[in-house]
Amino acid sequence: MSNDILKVGTYEFKSRLIVGSGKYKDFETTKLATEAADAEMITVAVRRVNITEADKENLLDYIDPKKYTILPNTAGCFNAEDAIRTLRLAREAGGWDLVKLEVLGDTQTLYPNVVETIKAAEVLVKEGFQVMVYTNDDPIVATRLEEIGCVAVMPLGNPIGSGRGLANPFNIRVIKERANVPIVVDAGIGTASDAAKSLELGADAVLINTAIAEAKDECLMAEAMRDAVHAGRKAYLAGRMPKRAFASASSPTEGYIWD
Amino acid sequence: MIIQLNGEKKGVSATTIAELVTELKLESRMLAVECNLEVVAKSAYETTFLKEDDRIEIVHMIGGG
Numbered sequence: 001m002s003n004d005i006l007k008v009g010t011y012e013f014k015s016r017l018i019v020g021s022g023k024y025k026d027f028e029t030t031k032l033a034t035e036a037a038d039a040e041m042i043t044v045a046v047r048r049v050n051i052t053e054a055d056k057e058n059l060l061d062y063i064d065p066k067k068y069t070i071l072p073n074t075a076g077c078f079n080a081e082d083a084i085r086t087l088r089l090a091r092e093a094g095g096w097d098l099v100k101l102e103v104l105g106d107t108q109t110l111y112p113n114v115v116e117t118i119k120a121a122e123v124l125v126k127e128g129f130q131v132m133v134y135t136n137d138d139p140i141v142a143t144r145l146e147e148i149g150c151v152a153v154m155p156l157g158n159p160i161g162s163g164r165g166l167a168n169p170f171n172i173r174v175i176k177e178r179a180n181v182p183i184v185v186d187a188g189i190g191t192a193s194d195a196a197k198s199l200e201l202g203a204d205a206v207l208i209n210t211a212i213a214e215a216k217d218e219c220l221m222a223e224a225m226r227d228a229v230h231a232g233r234k235a236y237l238a239g240r241m242p243k244r245a246f247a248s249a250s251s252p253t254e255g256y257i258w259d
Numbered sequence: 001m002i003i004q005l006n007g008e009k010k011g012v013s014a015t016t017i018a019e020l021v022t023e024l025k026l027e028s029r030m031l032a033v034e035c036n037l038e039v040v041a042k043s044a045y046e047t048t049f050l051k052e053d054d055r056i057e058i059v060h061m062i063g064g065g
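Going down the list, the sequences are from chains F and Z.
Each residue of the first sequence is one higher than the one before, starting from 1 at the first, in our numbering.
Each residue of the second sequence is one higher than the one before, starting from 1 at the first, in our numbering.
Some hints could be false.
Claimed, not checked - For lysine-lysine, the following BS3-like pairs were computed, each having C-alpha atoms within a straight-line distance of at most 27 Å: (1) F/K126 <-> F/K23; (2) Z/K9 <-> F/K66; (3) F/K23 <-> F/K66; (4) F/K7 <-> Z/K42; (5) F/K7 <-> F/K243; (6) Z/K25 <-> F/K126; (7) Z/K25 <-> F/K31; (8) F/K243 <-> Z/K9; (9) F/K66 <-> Z/K25; (10) F/K67 <-> Z/K9; (11) Z/K51 <-> F/K126; (12) F/K14 <-> Z/K10; (13) F/K67 <-> F/K7.
As the list claims (entries may be wrong) - If you want a taste of the chain F side facing chain Z, the calculated C-beta under 7 Å gives, among others: (14) K56; (15) I118; (16) A179; (17) V181; (18) P182.
These are computed hints drawn from the structure, not numbers from a lab.
All C-beta atoms, glycine included, are put in the ideal place defined by N, C-alpha and C.
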C-alpha cells in the first residue's frame, strides 16, 4: 500500500481524500480538520477581495500553499466564460495549474451544466490547465471529458451538500471501468460509509467538504473519512468475494461427530 | 480618477495596478488582478496604467468546496 500512488496529470498523491475548505466555522477548524484528514489537496474558491477589510485574516494564512496542493475551483459559475475567467485569475494568483472546473446548472440542484462544462474544459485544456472536472454520473459525458484532455473526471454521488451518499453506484463503477484517468467522487458524500463505498467501487479518490465541515466534531469526522478511504481502497485492491443468492458454509461440511 | 473596482465606483489616486495594490494595502496578499476582462500578470503591474472607468477585479482565495 505504501507505493499506492494517485497520479493526477503531472501530480502525485499518497492521499485519496481531497477536501474542501468551505462552510467551516473558522479558519483554525479548517486547518485542523484538513490535517486530521491527512489530505494533500484542498480546493478553494475564488472571490473578490473585500476592499474595506484588506487586513482581515485569509484562508491561506492557515492553509499553507507550500504544504498543500491548492486546487482552485469555479464554484458559483453558471457559464463557461465565468469559469474560464475565474481559473485564469487563480493561475495568476498562485501559479496553480491544477484546477477544479465546475459549471453549475441552477441554484436549486447545483447539478452541473454539462454543455457549458465541456465548452470551458476545451478552452482550459488548450490553455495548459490540468483540469479536474466536476460532472454528473453519466458515463458518456465522463468519456467525452476525458477525450477533451481533462486529467480527472469527478462525477457527483448526489447533489452538492446533500449528504445523501451515492445515488447511482452502478454508474460510478461503469465510469471507472471505462476511464483512463482518475475518477473522483465529488459531492454527495454524507458519512464514512459513503466514502468507503466509493473507493470500493473503484473510485480513485473522493472530494469531501460539507460532510466534514458540518459534522459536530469536524476533526473526528475528518479522521473517519480518512480511515474509510483507506478501508475502501484496500477492499478494492483486495478484490471482493462474489455475491451469492444462497448461503455458503464457512466450516467444512465433513467430519461431523454424528457421521 | 474613478474606476470600477470589484463592481463599485471608486476614486483612486493610483496610476498603475502596482500603485493600486499598494493604495489598497494588499501588497502582501496572494491575489490576482483583472483589467477590463484581461488578467494582469504580476510582472506587468508597474507598467499597466489605469484609465478612467477601467473595470478592475481583484480576487483572492477563500473557503469553498
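Outcome of the hint check:
1. F/K126 <-> F/K23: violated (33 Å)
2. Z/K9 <-> F/K66: violated (36 Å)
3. F/K23 <-> F/K66: holds (23 Å)
4. F/K7 <-> Z/K42: With a Cα-Cα distance of about 30 Å, the restraint between F/K7 and Z/K42 is violated, given a limit of 27 Å.
5. F/K7 <-> F/K243: violated (31 Å)
6. Z/K25 <-> F/K126: The given pair, whose Cα atoms are some 35 Å apart, is violated under the 27 Å limit.
7. Z/K25 <-> F/K31: Between Z/K25 and F/K31 the Cα gap is close to 26 Å, so the pair holds against 27 Å.
8. F/K243 <-> Z/K9: violated (65 Å)
9. F/K66 <-> Z/K25: Holds. F/K66 to Z/K25 sits at ~24 Å (cutoff 27 Å).
10. F/K67 <-> Z/K9: The hint is violated at about 38 Å.
11. Z/K51 <-> F/K126: Given pair Z/K51, F/K126 is violated - Cα atoms ~32 Å apart, limit 27 Å.
12. F/K14 <-> Z/K10: violated (47 Å)
13. F/K67 <-> F/K7: Holds. F/K67 to F/K7 sits at ~18 Å (cutoff 27 Å).
14. K56: violated (10 Å)
15. I118: The hint is violated - F/I118 has no Cβ within 7 Å of chain Z, the shortest such distance being about 22 Å.
16. A179: violated (23 Å)
17. V181: violated (21 Å)
18. P182: Cβ of F/P182 sits 18 Å from chain Z, so the hint is violated.
Hints 1, 2, 4, 5, 6, 8, 10, 11, 12, 14, 15, 16, 17 and 18, counting from the list given before, are not met by this structure.
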